[in-house]
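A.B. asks: Listed here are the chains, written in short residue letters.
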Amino acid sequence: MSKYKSDLSNLDEVFEKIENVPENLITVLQKAQEIYGFLPKDVMYHIGEKLGVKPAKVMGVATFYSQFRLEPMGKYLVMLCGGTACHVSGSEKVAKAVFDYLETESGRTTKDGLFTIEKVACLGCCSLAPVMMINGEAFGNLTPEKAVSILADIRKKEAAE
Amino acid sequence: MRIIIGEGSCGIAAGALKVHKALEKAAEGKNIRIGITGCVGMCFLEPIVDIYDEEKLVKRLVKVSENDAQRIVCAAEKNDYSDIDDLVISKEDEEFLSLQTRIALRNCGITDPTAIDDYQKRGGYKALEKALSMSPEEVIEEIKASGLAGRGGAGFPTWYKWSAARKSESKTKYLICNADEGDPGAFMDRAVIESDPHALIEGMLIGAYAIGAAEMIVYVRAEYPLAIKRLEKAIKDAKEAGFIGENILESGFSCKMRIKSGAGAFVCGEETALIESLEGKRGMPRLKPPFPAQSGFKDEPSNINNVETFANVAWIIANGGKEFSKLGTENSKGTKVFALTGKVRKSGLVEVPMGMTLRDVIYKIGGGIKNGKKFKAVQLGGPSGGCIPEELLDTVIDYKALSETGAIMGSGGMVIMDEDTCMVGMSKFFLDFTAEESCGKCVHCRIGTKRMQEILTRMVNGEGREDDVLLLEELCKAIKDGALCGLGQTAPNPVLTTLKYFREEYDEHIFEHRCRAKECTELLTYSIDAEKCRGCTLCAKKCPAKAIEGEVKKPHIIDKEKCIRCGACSKVCRFGAVVVE
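Chains A and B are the protein sequences, given in the same order. Okay, so the first sequence: first residue is -2 according to the working numbering, each after it adds one. Okay, so the second sequence: first residue is -10 according to the working numbering, each after it adds one.
If we strip away everything but chain B, and leave its shape as in the complex, we get (with noise of 0.2 angstroms):
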């Protein structure tokens, strides 16, 4: 019997480490091995063990502390679980994964990522030999049947970046994973290389043949020390066994590969100020063109493509480009991974074939709203994107279809949001992160992005003017049309969704001094209902002012010229008796 822990960051951060080091003394001396194994993408349930008979999963448990490791031992060892049945997981829990479709995280939660073999034992690298086998222009050829388009968020076809670096001439052309993912509420990336980092290499590998590139450069995020350190590992494993360097696998091709370490810098998601990254100085994006396809890294031909782009890129030579193409709708090809966080009962990676409606996603996968609560928005593509009211959750996942309600497919960050969450207040927070990671190259988005900033803070603190709104509007129109890249385009977008569809948040947040989210809390005015109250004076006690005044058994009063709106009071109140308004 094999013991498997799930290990990503996620399981890491729940507590996977001390489980696995708590098994691995239980199991001392049996015979039943340890092994590990990536995110399986069930976040909710971390930590996550499995057991398994050989290669089939026997039984597979969640939310496991240290302290069950001797009874999961026992039983694997006994082959018997009536012991252990309530960290089994459940038949609805299990929905979560029965209902996707997985390609680019195909081996996530099953290989084991440390280990080159169990790649190869899943048909790993037979892809790539498979590609070898054939000219780089029917590789393109494949890739492109599969319809398969950039999964980094603008989703631009794959096949025709290839094609275009792969007749720019040049003898050192460079292939770059972009693994910059710094949408804040996403990570599908940091997932696929810290549980499947082979699936990225092959995929590259793939890609590099294509274009004739001579070596592989992976621009990874520094807040991700455990994806390097693993496709550090997995390189290694992988130049050994011959795939990648010199002549490989007797093809006569041959390509380097390198990982290299962001520093932290939202804008270097985009191509161009990758570059400049790459090339050690500040990510300040560049004019284009000349593209990188023409000029690129060092003004050599360089493709850009995003992790999850690469991880299907295998698949689809394996299996073919029209088997790929069967999935989807007529604009978009595949699968998508989100990563499905926020007020969602079950949040976690998804990997769902487009064409699938967001409320099925939301409700059937996710499992509906947290806490009984109702749903109010979903946020698609981070800061470049936008939020989807309740009347538009039948929209079906497709670049195209996406597009059209103002927000994007985005990389792939999909927070729900409750009525607990104020639009305004959402719209605040990416401003201050645009405002904050604006490189400050174009004046349009390093100034107009801190005014918008500026106004939507005047909004939630209750100084709203009645102008506010069309200068705002103004504002964003200014910012599409005046900044060079991406992220200054797109900054405006979660505003004006937000705007096209809950513009009666801004209008009571200015005219009412009103957040029907509760959110904002210089909005917020706190009264004691005199019938709940009991007097027990639990609340003039917490109250850091002194706001509150009153008599034991006698109903309390909250002075409002004193009040500083902390919430302390309602919070300690036994009796629901602060009102807040």
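Chain A on its own, in the form it takes in the complex (with noise of 0.2 angstroms):
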């Protein structure tokens, strides 16, 4: 059915918590992203079956909403500002140079595993415009150089570990 074979009784405690009913949905959708670091498909099929919510349906929500994600995370959550003010600051260059830097797209992870980078309406710290931020650190007042620079950084440090 599926490549992964995840371990569903993580879970319980979840179902346990949370009444099983279709209103719930994305409530659970969420603790389960909380939990695998994705949502992978065993877990939607036993999600669906416990809230009494049909595959399809389960899917049509996980794909609507861009919270969630579909394939593992990588190590580092890179966010770019894709609000008004780094939009006006110049946030499209610094987002294609980090784009042709990870050679990735927004939403998706690097082959390396260690970048998922996701573009996003507004990370409220316009007055930094343009931002990134990397696993809930923010980096402001970049230019595509910088922004490329700080994330090969954060490469060469892994690959010194």
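Calculated from the structure, these hints are not laboratory results. Just so you know, these numbers come straight off a predicted model, no measurement behind them. A portion of the hints provided could be inaccurate.
[Said to hold, decoys possible] Stretches of chain B that chain A covers, calculated by requiring three or more beta carbons in the stretch to come under 8 angstroms of a beta carbon on chain A:
| no. | region |
| --- | --- |
| 1 | 142 to 148 |
| 2 | 173 to 184 |
| 3 | 245 to 253 |
| 4 | 258 to 269 |
| 5 | 327 to 340 |
Backbone N, C-alpha and C define an ideal beta-carbon position, used for all residues, glycine too.
With the hints as a guide, bring both chains together as one complex.
C.D. replies: Given below as structure tokens:
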């Protein structure tokens, strides 16, 4: 059925705490993503069965919302701010440089599994525009060169370890 | 003495947590308390540290770094601030706050968002007490007298919605707060929840009492983890204090409260889509009628208001609707919060009375344009709004006056653009956004926004066609007529307003392959001014396409065929010899 064989018992506690009704599908999917880092197919089937939602509907919801990931996440989550303030301060150029450097696109993970990159609507640090956030830490006043060098530093650090 | 650190998302991003740690360490064993507050709204000066003597603000320090901690603590201890003079906020920057009128943000940056007693000390939950002593109809009358209208963007009278939900008969009505702030460039709601969560809770409780709701739900954007954390804490504290739950303050009124975290979809800011999402489904708008006031969440009567709307409610009940309606214009009462960002010198949160001109907000409060550049446009209302040009800067902040320009009041995003911003590029930016966020239910919105996005992409790439503007206009009209919800109906606004006020930029892109803001890289040509070039060879070395040739100490030449317009040469040239056109 799926290439993933997830330990479904990790979800038992979630099903105990949250009422097993279709209304709670999004909440349960969010909890599952917290546990597994993404939404493996077998997990989605399992959630559907428990809550009484058809697999196609579960998939429908999982693909509708940008928060849900269908593939494993990299070690570093890089969020590129695409808010209006960042846009007028040159975020497109920063984004292009980052995508080119990592050879990937928004919502995807790099081949080495190190970076997952996401373009998000607004990180709310508009005065630091353009901004990106790496595992919760904000880096502001970016230029394409500065953004790439920050990522290159992380790569170097990881390669050394 | 108390030292308070501003720890909203903005402050934290600028390093407030590090400053906090350093201050705590420096204050160890000393008679100084370290505390936190939310966002005071001066993003451009973060991290901000305030020194209080009891309740009196003694000094406000800005752009503080962790290395300043020691001397700040010393100064506070001695009550002598000569040593930290360089950190004290300037007179000019203080005006950023003194020119504002704060109601929704009344406690932001003052109160400790994690302490309910701090909120109560400032009169918190007194308005709830007062409301519970009134009849629900009287509460609605008070809101009617205030003239409060929905701050989410549409500006629908709040009392009317409440009254409709009040009249719907059912045992289980819901009061929902829309905190799914998705407009890229707006962060007012986040700031209110992070900085003053109890103001939201109190406003919602009054609303719940007015309509007779059994449960209150706050639908918060998932991207706001700190807001969710603070609100969770506030709800727990309010429950323990007896403000939420059974028989609130012995009034016989009972109401539950919970948070629902959204999962990232702009369309869920539309109320019926939000309800679908609450029910665990894809967030696709429903056909209206029936309106949520008749049949909303779980087919029960539901009332939905925006965070800022609720944040005004307790103040209105405490001070009276009349007091609120004294502020503003004939059509729009009270104040409005804006997230002022972009190419403005002082960016941050501003709350101003309705009726103030855009010019005053941008120049008096915002301090004008950054780096001495020229103002081009102000964008209001995000992807649903429009761009207002300089000649209309004396337009006042008022629902009707702003709609007449083609823009909208919106939820409060106010992005300033200067001469370096391409208006066609701006339209494309918003269409990229709406095309991505269209839920796909209505054909006009799903396919129409995609087609518009394609046309605009053509233009910025220098491949615009002669009749593209006509085609854009036709699509705008079709989408406005054919879409079910607000997202679709307003999606053409950014294009329509830029076509109205900046038509010449579209024409330049199409017919002259020229971008006056020099932002559309595909339309630029690079050359070297032989008079200025010293032949240092730096550009030739930097050029990734090997398009620059020349001998040392002799003027270089760019091969336009090979040039990929990356701009690397103009960045490295120290003599300003690279000409970009």
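A.B. asks: If a hint holds in the structure, say so; if it does not, say that too.
C.D. replies: Do the hints match the structure? See the list:
1. 142 to 148: violated (count 0)
2. 173 to 184: holds (count 5)
3. 245 to 253: holds (count 5)
4. 258 to 269: holds (count 4)
5. 327 to 340: That given contact holds, which follows from 6 residues of the region 327 to 340 of chain B lying within Cβ reach (below 8 angstroms) of chain A.
This entry does not satisfy hint 1, going by the numbered hints stated previously; all others are met.
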